[in-house]
Amino acid sequence: MENNSPKIAELEVLLFHYGEPLPMKKISRLIGVKESECKELVGVLASSLQNNEYSGLMILEDGDAVQLVSKPGLASVNEKLTKEEFREELTPAGLEALTIIAYLGPIPRMTLDYIRGVNSSFTLRALLMRGLIERSESAKRKNIYEYKVSFDFLKHMGLGSIQELPEYEKYKDILSKFDVPQIA
Amino acid sequence: MENNSPKIAELEVLLFHYGEPLPMKKISRLIGVKESECKELVGVLASSLQNNEYSGLMILEDGDAVQLVSKPGLASVNEKLTKEEFREELTPAGLEALTIIAYLGPIPRMTLDYIRGVNSSFTLRALLMRGLIERSESAKRKNIYEYKVSFDFLKHMGLGSIQELPEYEKYKDILSKFDVPQIA
Amino acid sequence: MSYELTLPHYAGPLDKLLELIEEKKMEITEISLAVVTADFLDYLRKLEGEHLDPILVTDFLVIASKLVLIKSRALLPSLEISEDEELDIKNLEARLKIYAEFKLAKDYLRKNWSDMPKMSSRVLFMSLGPSFYPPSNLKKDDFVNILATITNELQRIFKPVEIVKTEIINLKKKIEEIIQKLTSKPTIFKDLAEKGSRNELVVIFLAILHLIKDQLINVEQAKNFHEITIVKKEKVG
Numbered sequence: 001m002e003n004n005s006p007k008i009a010e011l012e013v014l015l016f017h018y019g020e021p022l023p024m025k026k027i028s029r030l031i032g033v034k035e036s037e038c039k040e041l042v043g044v045l046a047s048s049l050q051n052n053e054y055s056g057l058m059i060l061e062d063g064d065a066v067q068l069v070s071k072p073g074l075a076s077v078n079e080k081l082t083k084e085e086f087r088e089e090l091t092p093a094g095l096e097a098l099t100i101i102a103y104l105g106p107i108p109r110m111t112l113d114y115i116r117g118v119n120s121s122f123t124l125r126a127l128l129m130r131g132l133i134e135r136s137e138s139a140k141r142k143n144i145y146e147y148k149v150s151f152d153f154l155k156h157m158g159l160g161s162i163q164e165l166p167e168y169e170k171y172k173d174i175l176s177k178f179d180v181p182q183i184a
Numbered sequence: 001m002e003n004n005s006p007k008i009a010e011l012e013v014l015l016f017h018y019g020e021p022l023p024m025k026k027i028s029r030l031i032g033v034k035e036s037e038c039k040e041l042v043g044v045l046a047s048s049l050q051n052n053e054y055s056g057l058m059i060l061e062d063g064d065a066v067q068l069v070s071k072p073g074l075a076s077v078n079e080k081l082t083k084e085e086f087r088e089e090l091t092p093a094g095l096e097a098l099t100i101i102a103y104l105g106p107i108p109r110m111t112l113d114y115i116r117g118v119n120s121s122f123t124l125r126a127l128l129m130r131g132l133i134e135r136s137e138s139a140k141r142k143n144i145y146e147y148k149v150s151f152d153f154l155k156h157m158g159l160g161s162i163q164e165l166p167e168y169e170k171y172k173d174i175l176s177k178f179d180v181p182q183i184a
Numbered sequence: 001m002s003y004e005l006t007l008p009h010y011a012g013p014l015d016k017l018l019e020l021i022e023e024k025k026m027e028i029t030e031i032s033l034a035v036v037t038a039d040f041l042d043y044l045r046k047l048e049g050e051h052l053d054p055i056l057v058t059d060f061l062v063i064a065s066k067l068v069l070i071k072s073r074a075l076l077p078s079l080e081i082s083e084d085e086e087l088d089i090k091n092l093e094a095r096l097k098i099y100a101e102f103k104l105a106k107d108y109l110r111k112n113w114s115d116m117p118k119m120s121s122r123v124l125f126m127s128l129g130p131s132f133y134p135p136s137n138l139k140k141d142d143f144v145n146i147l148a149t150i151t152n153e154l155q156r157i158f159k160p161v162e163i164v165k166t167e168i169i170n171l172k173k174k175i176e177e178i179i180q181k182l183t184s185k186p187t188i189f190k191d192l193a194e195k196g197s198r199n200e201l202v203v204i205f206l207a208i209l210h211l212i213k214d215q216l217i218n219v220e221q222a223k224n225f226h227e228i229t230i231v232k233k234e235k236v237g
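Protein chains in written order, with the working numbering: chain A, 1 to 184; chain B, 1 to 184; chain C, 1 to 237.
Mixed in with the good hints, there may be bad ones.
Said to hold, decoys possible - BS3-like mimics (lysine-lysine), calculated; alpha carbons at most 25 Å apart, straight line: (1) K148/A - K103/C; (2) K25/C - K177/A; (3) K139/C - K172/A; (4) K16/C - K177/A; (5) K172/A - K24/C; (6) K142/A - K170/A; (7) K142/B - K39/A.
Said to hold, decoys possible - Simulated coverage check for chain A against chain C, where a stretch passes if three residues somewhere in it have a Cβ under 8 Å from a Cβ of chain C: (8) 15-29; (9) 43-53; (10) 114-120.
Keep in mind that the hints were calculated from the coordinates and are not lab data.
All of these numbers come straight from a predicted model, not from anything done at the bench.
Note that beta-carbon positions come from the ideal geometry of N, C-alpha and C, so glycine has one too.
Taking the hints into account, I'd like the entire structure generated from these sequences.
What follows is the structure, given as structure tokens:
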């Protein structure tokens, strides 16, 4: 295997420069590698940062995009740097919706309503406004929005990716286990 | 010698966060070490980054100030990203935010978020970087920024003033009714 | 926003249902759902009394109507129900089980959530200053189109809430009607359903369960598969 380190350094520089979550597609194009290879590079950089105790940085990742952030363990310095405007308190309805979206996302509102037994439109709107979830048009069905948690959600939870949620795999497929009829 | 790695990681986070050159004095205060010790930490971080071929970052020391920047060989990929980003047309989110700011400006981010039903932080930053909007501190409320379109933007659209926007009064009226409700 | 802001301490209908079943130390089954139906309706009436967000009350009523269907079948085994309704019953069971599963996950999120983010990131292009890059995909006329879309969407979202769907008839009115219709002589239950639609039957049942709670009437069912007769209770004293 050829030496990947220059590509990995380029990847880190891109994330450092851009600051916000950078789509994997863009990264692949900019550093001139295939998307599958790009995922690998992200993995190498992530574990290199994680294992380097001198480094205060880490990778956030959701499959589509990557962001460079500070490690959650460095609470004392983090406290001094974080502005009050980033404070987000959760209501019970917000917590409930976020939990289901975190594990099952991307999901349409209908599925969320079905599981919660309530109409979630205002809760979703509030979470969107606060940047804790994102919506995008469903790949399968036009005019249907799907919701998933955002990178900011990961930052409040201190998680590197959604897969780090406990029992993620168990919950991910929960709907199929209960013989739920066709919803959304 | 005690284990310095948490302090070094904190130092990196500080530099990552501020971006600009930080005086050694400020660093020592923020991470709670003596200035002499701080110099040592900077030295360790600098050589750790230098020797790590996976890392695209380095320490730049200028007199008494320290900055985290990308390694010199890697600047071209950043330039590519910047150019691409600004050459791109505005996204639907960008167009929407810009329009609301044009008709309602100066408005705080909260009002924009409320009307759009999604968080606008990233979109606002992108519009600011493109010089299409400007921000200033609210005259009424401290620590609240308000946004309005830039003079350059108006000129580019062939408008002498905001009032020349099509159906300005009508839409300003309609949108003003949807201002954020006064809630704690 | 009212849902989020005015009701932070109110649980949703499934939450309440689960709580009632757990109080009775029962598993989630059709039987246990029938058992807690009256308690659920009782709670719903309390909610209504507090003049809460109509959306919340509607959410409760939707679940209530399914419960009453379950209860109806438990009381009246001869009751014929459609495939859709059968599915509805099975669904409610499944939904409640899924909801129960998510309770643990919810606890995890609650415990690990930090109001302030635990990680920080940099803003977009932190090291660059602003310059001028006007969009070429924006013409003056586009403004009005964009604004029309936004205002339509806002009006759709903030329109006055339809309090209860047409399917769900106003409970209190129905209760009054039933009381008026009730004479001292026995009335056949099905005579109460004027149009005889399933939904109306369900609502009547709901109303009757209220009345049972109020001890205004007695429900007598001579035998399984027999029709229920309703007698107005004589006021004592």
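Comparing the hints with the structure gives:
1. K148/A - K103/C: holds (19 Å)
2. K25/C - K177/A: Within the cut-off at roughly 24 Å; holds.
3. K139/C - K172/A: violated (45 Å)
4. K16/C - K177/A: Satisfied, since the Cα-Cα distance of roughly 23 Å is no more than 25 Å.
5. K172/A - K24/C: violated (30 Å)
6. K142/A - K170/A: violated (29 Å)
7. K142/B - K39/A: This hinted pair is violated, its Cα atoms lying about 44 Å apart.
8. 15-29: Since three or more residues must qualify, the claim that chain C covers the stretch 15-29 of chain A holds, with 5 doing so at under 8 Å.
9. 43-53: Since 0 is below three, the answer is violated.
10. 114-120: holds (count 6)
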